[in-house]
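Asker: Sequence:
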Amino acid sequence: MTQQTQRLFNEALQLPEGERGDLAAQLLDSLDGAAEEDVETAWSAEIKDRLGELEAGTVQPIPWPQARRMILEDRDDAGSA
5 MTQQTQRLFN EALQLPEGER GDLAAQLLDS LDGAAEEDVE TAWSAEIKDR LGELEAGTVQ
65 PIPWPQARRM ILEDRDDAGS A
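Here the sequence shown is numbered in our numbering, starting from 5 and rising by one per residue.
Any given hint could be a false lead.
[Stated by the list, open to error] Across the chosen pairs, the derived CB separations fall in these ranges:
| # | residue 1 | residue 2 | range |
| --- | --- | --- | --- |
| 1 | Ser-34 | Leu-58 | 29 to 35 angstroms |
| 2 | Val-43 | Ile-75 | 19 to 25 angstroms |
| 3 | Ala-29 | Arg-54 | 17 to 23 angstroms |
| 4 | Gln-8 | Asp-80 | 31 to 37 angstroms |
| 5 | Asp-53 | Ala-16 | 31 to 37 angstroms |
Read the hints as simulated data drawn from the structure, not as lab findings. Even for Gly, the Cβ is constructed at its ideal location relative to N, Cα and C.
Please build the complete structure, drawing on both the sequences and the hints.
Answerer: Written as C-alpha cells, this is what we have:
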C-alpha cells in the first residue's frame, strides 16, 4: 500500500460508520464496471423471492454473529480439506 493510499485509508477510518459504508460500497462499485442487465434482473428476483420467504415465515433469519460464525467455520473446514 502506498503512503498516499495508507493516508486515505486512515482518513476514511475517521468517518462515521455510515459514511465509511457508503464509501466502501462506492469503491466496490467502481471495480465492477458496467453491470450486466440480466445479472441485475436475476439479483432483483432473488431478493424478492427471499423477502417473500421471510414474510411468509417459511424461513427464519439468522442473527449476524451466528451467520458470521457459520461462514467462518465453513471457510476453516474447506481450508483443512
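Asker: Look at each hint and say if it fits the structure.
Answerer: Evaluation of the provided hints:
no., hint, result
1, Ser-34 x Leu-58: 29 to 35 angstroms, "31 angstroms, holds"
2, Val-43 x Ile-75: 19 to 25 angstroms, "23 angstroms, holds"
3, Ala-29 x Arg-54: 17 to 23 angstroms, "20 angstroms, holds"
4, Gln-8 x Asp-80: 31 to 37 angstroms, "35 angstroms, holds"
5, Asp-53 x Ala-16: 31 to 37 angstroms, "35 angstroms, holds"
The structure shown violates none of the earlier numbered hints.
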